[in-house]
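Chains as they are written, first to last, in our numbering: chain A, 1 to 354; chain B, 355 to 670; chain C, 671 to 948.
Be aware that one or more of the hints could be misleading.
[Unchecked claim] Across the chosen pairs, the derived CB separations fall in these ranges:
#1 A:I172 x B:A388: 54 to 62 Å
#2 A:V84 x B:I589: 40 to 48 Å
#3 C:Q916 x A:I152: 39 to 47 Å
#4 C:G697 x B:V417: 50 to 58 Å
#5 B:Y394 x C:R756: 49 to 57 Å
#6 A:S22 x C:H873: 39 to 47 Å
#7 B:Y561 x A:V87: 41 to 49 Å
#8 B:D633 x A:I152: 29 to 37 Å
#9 B:R629 x A:P62: 30 to 38 Å
#10 A:I152 x B:Y394: 47 to 55 Å
#11 A:G74 x B:R574: 47 to 55 Å
#12 A:A39 x C:Q810: 57 to 65 Å
#13 C:D813 x A:S92: 48 to 56 Å
[As the list claims (entries may be wrong)] Okay, derived cross-link-like pairs now, DSBU-like style, lysine-lysine, Cα gap no bigger than 35 Å in a straight line:
#14 C:K815 x C:K874
#15 C:K760 x C:K874
#16 C:K770 x A:K21
#17 A:K21 x C:K815
No wet-lab data here; the hints were simulated from the structure.
Predicted model only: the values in this text are computed from it and were never measured.
Cβ coordinates follow ideal geometry from the N, Cα and C atoms, glycine included.
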Amino acid sequence: MSVVSDTQPAPRRRRARSLVKSLLGFLVVVIVTYLGLLAVTFFIGRVIPIDPVLAVVGDRAPANVVERTRQELGFNEPLTTQFVIYVQKALSGDFGRSVLTTNPVMTDIKRVFPATIELATLGTLIGAILGIPLGVLAAVRRGGWLDQIVRIIGLIGYSVPIFWLGLLALLIFYARLQWVGGPGRIDVVYEYTFTPITGFYLLDSIIQRDWSAFGNIISHLALPSLLLGYFSLAYISRMTRSFMLNELSQEYIVAARAKGLSERRIIWRHALRNAAVPLVTVIALSYAGLLEGSVLTETVFAWPGLGLYITNSLQNADMNAVLGGTIVIGSVFIAINLLSDLLYRLLDPRTRAR
Amino acid sequence: MSVMGNTTPPPLAEPQLSRREWLLSDRPTSRTQAKLGRAYVAWRRFAENRLALIGLIIILALVLVAISADLLAPYSPTIGNLATARLLPPSWEHWLGTDDQGRDILSRLIYGSRLTLYVVVLVAIIAAPIGLLIGTVSGYAGGWVDAVLMRITDIFLAFPKLVLALALVAALGPGIENAVIAIAVTSWPPYARIARAETMQVRNSDYISAVRLMGASPIRIVLRHIMPLCMSSLIVRVTLDMAGIILTAAGLGFLGLGAQPPLPEWGAMIASGRRFILDQWWVAAAPGVAILLVSLGFNLLGDGLRDALDPRSSGQ
Amino acid sequence: MSAPLLEVQNLAVRFPTRTGRVDAVRGVSFTLGRERLGIVGESGSGKSQTGRAILGLTAPSAQVTADRLRFDGQDLLTMGDAERRRLRGKRIAMVLQDPKYSLDPVMSIGRQIMETLRTHERVSRSEARERALAMLEAVQIRDPKRVFELYPHEVSGGMGQRAMIAMMLIAGPELLIADEPTSALDVTVQLEILAILDSLVRHKGMGLIFVSHDLRLVSSFCDRVLVMYAGRVVEEIAARDLSQAQHPYTRGLLNCMPEIGASRHPLPVLERQAEWAR
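Chain A with its partners taken away, still in its complex shape (with noise of 0.2 Å):
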């Protein structure tokens, strides 16, 4: 703690000072991580199979394409000049070429990347906007109804598998009630008329004003994005819970209290403004999760985001793209936990001071 005397700078001034202090280990930290998420896709790459020519280009090439690969890729060097290399590619954004696709594994993911975020982003809002509120009234109402109601769906939704509820959600809903649309992002007679541009379909719907489009894109969005913020829900409500009982218990609160203030104002401005501060970890979370989850939901879904492309590679042993999306994955995960941090310090004066 630092006590206050006149000859300290202007408050301001020292904050954002420690500001650029932070933001440069940050970036240390960020550079660190990605080197390590790159040593460990190049070692699950490079150095586990047998011999990963084969992994990259399969096992049915043909000998003197095997030859030529193993040439290009510099696999005949040693393995910490291959890694520097290994590096330099994956900076530029090079993950090499798709078997199954024959594109460039980062042209295919910058095509199907838009779909996954869509789809999360959409998840982890209803998470958020519902998971909160719920979690706080569970807190003030400890031991309410709706506090035991939050504790089913945190249960079920820690232990239910992903992908068999989205199956058993298709069936109910799709299959027999018909109440959305089924699996992909759209209905296939809207493949000719409506064009992509963004990627994100819902965006390009109403950048075109195509209702009848954006129509069937939300009934095909409908269930798996609550299906996903069912998940975020689940663990947004029950931190958030967790995170106010502990604020609720603290001293200022009594104060709060004895200055006057309504309970409402106490909840929302006081205890829910602290227990902010970890929730935005938490959301943070939860969106990687749900991305990376995308790999079972997409499957289940048939849609056609990254988690599909690298299940769809991973069937055809195709390496490449395999390691190429988790590279992406990781990336983003990296830039969530950066992002998080970063907006944990605007929102707690404790750490923008140090």
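Here the structure of chain A is known, so what remains is to put chains B and C in place on it, guided by the hints.
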């Protein structure tokens, strides 16, 4: 045991002392009595929690079913009757119906419990000791050892666990052993963090200083005095993680990367039932219920253990 | 002396727990004018719960009963929640023990002070700011404009407690309950805070309930002292007559005070008697 080892519990000193009073005595005369007393108090706290008891019962039932699968299962889990028993709905002969190979689903679920238990136990006994070792060494040594080990831990924590496990299994080749390795490799970092935090708390306490003054080596201090202290929070965390491990293993099985056919792995069973979901929904539904039940059991048990062993964080 | 500001008769606070009922406060009675009343006792004696019961700030599980609990003629027991809330901060306020925990860590000090004012009075933002700055000056903060912008973790304990006092007194309450207001502070700062509290209470003619475990501090600061033990008042005595205290518990507490120059070996220990708690 120790120098002053009082290993045999003394005969109940005063005959009027009931067993319960002996356990709850606040002046235990031996280490064993103190230990048993503490365990008894924790058990009572645990047993008060009805949900935790349900969790315990589910897990005990799982273990029991796994052990006596040969006795319980009415049919073979791997050989079915393709001619007459394909995709039958639930009936008296086949309580949960049959799958596309004509195999009894209930029998497959019963044998599948062995695989689930196998994965969970193996992951726990691989990942927990790794995390414990890294965490305690890091926390006790401090300095650059701590910095390096924690950096590595943080790197692993920042990775997408499931995707990394997928890539690892893809490189190692599908199979249940490789799935176990992949899950274990990606699940130790939280344990290291917990063990380190506990170690930091006790590192500078007086009794650790006392042990140090008596000339105990750092290895002995970490092994004999610090690791046991980390156990209770580690056990709680591992139990709570069990559900996640089961779900990840099932996910790998669902993607065809875990246990290979004809092994009755629950996730793989859902995957094969997926093709018939529209008309024969029970094929995919039953293994999902099994996964849900067992995960729920571990979650309830973990919550209960946490509340009993660590009352500070109870209810949160 | 004016009409009683606060009347407390047979106040009891109970907590139902798994193992049975815990009686934190058992039949406390006193009246208070615009004077300084000290409540002394060891931890667990019910002194803090007494203070909180007056404000209606006991934990939700607590049962508060009394034959009479009146503030300025209004019955606090039958009063609605909203009405009671309007009293808090406006007419009865409380200073808590440790500013490190009792100030909201993510809100600047200035805004926390303004918040009290704007809860109870319709004032513009700029006027609230002016008055908050004036209040900070009144608690002898040299550079109020700077402290106004700071967050609680950025100030020392003494500064934090001044901010706390400013936050609680800005709406001009008539009764202040100070719950161990100096126990978390350095000894050197304690006296400063007491002096500030003293001058403000005197200046504004407030009633004060000073809750503390420190008998000497209370006797030097208050007019009257209630000594509590196990939820009961065991002795009520004017501060200046303290040396003639009758109750063995009070005498025991007095005996525990060290004196410079006197050899104290062995250290006196309070010999508790079971009948005190009856």
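So, against the hints stated earlier in the document, which numbers end up violated here? Hints 3 and 10 are the ones this structure does not satisfy, whereas the remaining hints hold.
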